[in-house]
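Protein chains: 2
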Amino acid sequence: MDFQSAFPVWKKLNRIQQKRILDSLITQKLKKGTHLYNENMECTGLLLIKSGQLRVYILSDKGREITIYRLFDMDICLLSASCMLNSIQFEVAIEAEKDTDLWIIPTKAYKSIMQESAAAANYTNELMAARFSDVMWLMEEIMWKSLDKRVSAFLLEEASIEGTNELNITHEIIANHLGTHREVITRMLRYFQSEGIVKLSRGAVIILEKEELEKIQKA
Amino acid sequence: MDFQSAFPVWKKLNRIQQKRILDSLITQKLKKGTHLYNENMECTGLLLIKSGQLRVYILSDKGREITIYRLFDMDICLLSASCMLNSIQFEVAIEAEKDTDLWIIPTKAYKSIMQESAAAANYTNELMAARFSDVMWLMEEIMWKSLDKRVSAFLLEEASIEGTNELNITHEIIANHLGTHREVITRMLRYFQSEGIVKLSRGAVIILEKEELEKIQKA
Chain A
1 MDFQSAFPVW KKLNRIQQKR ILDSLITQKL KKGTHLYNEN MECTGLLLIK SGQLRVYILS
61 DKGREITIYR LFDMDICLLS ASCMLNSIQF EVAIEAEKDT DLWIIPTKAY KSIMQESAAA
121 ANYTNELMAA RFSDVMWLME EIMWKSLDKR VSAFLLEEAS IEGTNELNIT HEIIANHLGT
181 HREVITRMLR YFQSEGIVKL SRGAVIILEK EELEKIQKA
Chain B
1001 MDFQSAFPVW KKLNRIQQKR ILDSLITQKL KKGTHLYNEN MECTGLLLIK SGQLRVYILS
1061 DKGREITIYR LFDMDICLLS ASCMLNSIQF EVAIEAEKDT DLWIIPTKAY KSIMQESAAA
1121 ANYTNELMAA RFSDVMWLME EIMWKSLDKR VSAFLLEEAS IEGTNELNIT HEIIANHLGT
1181 HREVITRMLR YFQSEGIVKL SRGAVIILEK EELEKIQKA
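If you read the sequences in order, they're chains A and B.
In case it helps, this note's numbering puts the first sequence at residues 1 to 219.
In case it helps, this note's numbering puts the second sequence at residues 1001 to 1219.
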């Protein structure tokens, strides 16, 4: 797919604006495991994911993490251009969870178009509203749902993303997604194992009873 | 103050747009304690607070609450017009914490202007970014901060809003702000009382040692 078809607001821009984007457009490859931190990236620009997977997360002073959302093929990352919005008062970090190919629309070019074009500004509004909704969903999960439900939901999500019930993932990584401690995840997974729902081995969690995880998640 | 001076984007609109807003503008008074729920209000419009205080919160199925932010004089509530953004996928409720005078710009009028005017659309972006930042701040509080710090911060905030150290507030209300249970708040406040930091009486919390609360909050 080419950039023009992938970028949703393309047709609503005029020729001059389209040229300004194409002239400044950057393509970039991120190796799996690459981390981008706010100070380096908050003025990078809009990231449009050609293929791959990004995890957007927050970090505490003490190194704890929680995933706030993930981005997949054709998703757009707005917070990597957060310096163009004065009212964004928080910092996030981004990790490439898979090898990722990106188009980058640099902040300066995008900001200038957003200031001229109501269509681009409203598109940006919808992008931000979508991410805001992701975070509100997460807030409700954290506030009202017990951890067994959140771990079940996470394992099911992983299985769906990877297309397999054999997940190569450590307890530490699960803890970092869910904003808790490794020990807590280990305890929960051992409980699931004792119930015959999963099987644990070094660096892997194998889902044996998907339906049971679905039941816990919905309970 | 008149509406024209209070509405930040006013001068960037053209005459026709200004007239469209003034023709549709509504003023409304909310009595302290009035609750607005999403189904009734998500298409109300932008609320501009002439004077008063609103609390925006989320509600669980089981009736638990957590305050996501508060709005004061000259603040603008965007989520009361959330139906104009397709990507807003969550519901909030609003409570007038004091008698509140509002201007309401109905959703239909505002949406039409946002579609024409890049200035209005970008202003909406900044509004949403500010609320998104409030929620991210809250998320970090919940994830990384212990409850003693959050209760201390809440009592100090209340004292600052009300301009007094004698807070007429129940343990239940504090619990609803912070998304926890009344019993948990009662236990925490009794601990603060045993340390001589506050004094508890029926329906009131009296702050005796403000500096101690500040120390706990920052610890």
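None of these hints come from the bench; they were simulated from the model.
Note that beta-carbon positions come from the ideal geometry of N, C-alpha and C, so glycine has one too.
Don't take each hint at face value.
Stated by the list, open to error - On the chain A side, residues computed to face chain B include the following (Cβ under 8 angstroms): (1) GLN89; (2) ALA121; (3) ASN122; (4) ASN125; (5) MET143; (6) SER146; (7) LEU147.
*Which hints from the list above does the structure break, by number from lowest to highest?*
Result: hints 6 and 7 break, sorted rising.
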